[in-house]
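Protein chains: 2
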Amino acid sequence: MSKRVRLKISYDGTSYHGWQIQEGVVTVEGVLTEAIREATGEDITVIGASRTDAGVHAMGNIAVFDTDSRIPADKMFMVLNKLLPDDIIVVSSDEVSSDWHPRKQECRKTYEYRIYMSPVRMPLKRLYAHYTYNELNIEEMNRAAGAFRGEHDFTAFCAAGSQATSFTRTIYDCSVRKEGNEAVISVTGNGFLYNMVRIISGTLMDVGLCRKSADQISGIIDSLDRRQAGPTLPACGLTLIGYEYDE
Amino acid sequence: MSKRVRLKISYDGTSYHGWQIQEGVVTVEGVLTEAIREATGEDITVIGASRTDAGVHAMGNIAVFDTDSRIPADKMFMVLNKLLPDDIIVVSSDEVSSDWHPRKQECRKTYEYRIYMSPVRMPLKRLYAHYTYNELNIEEMNRAAGAFRGEHDFTAFCAAGSQATSFTRTIYDCSVRKEGNEAVISVTGNGFLYNMVRIISGTLMDVGLCRKSADQISGIIDSLDRRQAGPTLPACGLTLIGYEYDE
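Taken in order, these protein sequences are the chains called H and V. Counting from 4, one number per residue, gives the positions in the first sequence under the numbering used here. Counting from 4, one number per residue, gives the positions in the second sequence under the numbering used here.
Check each hint, because a few of them may be wrong.
Identical copies carry no separate label here, and so any pair may be met within one copy or between two of them.
Heads up, simulated DMTMM-like pairs for lysine to aspartate or glutamate below, C-alpha to C-alpha not over 25 Å straight-line [said to hold, decoys possible]: (1) K215 - D249; (2) K78 - E138; (3) K85 - E138; (4) K181 - D225; (5) K215 - E41; (6) K85 - D249; (7) K215 - D102; (8) K78 - E182; (9) K215 - D90; (10) K6 - E109; (11) K85 - E154; (12) K107 - D225; (13) K85 - D97; (14) K215 - D77.
In case anyone wonders, no lab produced these hints; they're calculated from the structure.
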């Protein structure tokens, strides 16, 4: 009797060419698929919620696969963790209905982008935060972040090469806080365009550097012009925190 | 005119066989020495303050070397950082008197040991914290930590193979705090025996697990018996935070 198993997955993206299986490079989906095939003895295919880019991290990406295996769905994570490398962990597993699809459900998805501020680069931060020797104005960044909330056409915050047909997304929350020497940008939305969080973060960093003012953000969104927004920040600072689905 | 240059060094110990130069393996001192030789064109030798073990990290280890180079001492760190890999950074540099020796000065030295508590291993924490699926009793650990303060014979907290001639050290401060899901053990002393902080941390972890009580710590110190103390925790959780010298 086939069942659909859902996995919550956490990984350090440093050593991977992103989520999606590709010929000739090591990807998270590739390594995960191999582990599931070994555990179940079946030629399964994984459907992932978020195809994170090379170097992007995840605390809670979601994936499903269909299996006839007798391993209980809620024990699957333990079996897989024995087969996975140190930098990929299945946090939990459960059974979902056979038509549950991780990219077709209504959801709230949260990303965090970290920027480490210090007079010199810090080796212990380099894999999980973008670096700046500038002291960013966090308060002004947080004020600017508010302008992203709501439903907008985010064409100005989408990298070229997107296959999106609609550029409208809803941002439920966007804020910036300070944790130690890090500026942490947190964005929750119903979905994101290609590189959208890294471009939002680059734009907020411009505000933190006084290159843009918080009051300009709404105009930049309305411009629908990628050149008005800030730079795409590097992958290492970005972590997919997780999903909340309406069940 | 020869001068003695002092460096404050930060590194991610993950990829190194510790600080000290050894034949056939990559060490922090080895890579740093090569960079200084390239910068100065001289066959210099480095004297380090702390010979951290394989896998141990540092925010502020200290080293000195003597040079005739015309590079100003306070600019040396910038020159070296162009030659060093990503996981080693010289935070600052200055000139000290020619008899200033990083292991022979009175100092206060601080280490932190991090233990990550979570139902499953977290890939983003694995390089910089020891992992436990248990919820440690931080309050009780912090109470136990107080017993380490003061001047004691720390024979019970020294690994075999130590070349120390005296086992008496002064601990100025020892405390345990919670940061997110991490227990952070902080120890400041005038010096430490071989593996001492990792054994103190293992003993405090035993307290956090209710395997030992806080009231037992003084008796364990007085026993001078390594078997009474807790296990030596793994290197990855340990970071040398830094030195304060009486100048």
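Now the hints, each set against the structure:
{"no.": "1", "hint": "K215 - D249", "in the structure": "neither (37 Å within a copy, 45 Å between copies)"}
{"no.": "2", "hint": "K78 - E138", "in the structure": "between (46 Å within a copy, 22 Å between copies)"}
{"no.": "3", "hint": "K85 - E138", "in the structure": "between (43 Å within a copy, 22 Å between copies)"}
{"no.": "4", "hint": "K181 - D225", "in the structure": "neither (28 Å within a copy, 44 Å between copies)"}
{"no.": "5", "hint": "K215 - E41", "in the structure": "neither (52 Å within a copy, 41 Å between copies)"}
{"no.": "6", "hint": "K85 - D249", "in the structure": "neither (31 Å within a copy, 50 Å between copies)"}
{"no.": "7", "hint": "K215 - D102", "in the structure": "neither (46 Å within a copy, 51 Å between copies)"}
{"no.": "8", "hint": "K78 - E182", "in the structure": "neither (35 Å within a copy, 30 Å between copies)"}
{"no.": "9", "hint": "K215 - D90", "in the structure": "neither (37 Å within a copy, 32 Å between copies)"}
{"no.": "10", "hint": "K6 - E109", "in the structure": "within (22 Å within a copy, 66 Å between copies)"}
{"no.": "11", "hint": "K85 - E154", "in the structure": "neither (43 Å within a copy, 45 Å between copies)"}
{"no.": "12", "hint": "K107 - D225", "in the structure": "neither (28 Å within a copy, 64 Å between copies)"}
{"no.": "13", "hint": "K85 - D97", "in the structure": "within (18 Å within a copy, 49 Å between copies)"}
{"no.": "14", "hint": "K215 - D77", "in the structure": "neither (49 Å within a copy, 34 Å between copies)"}
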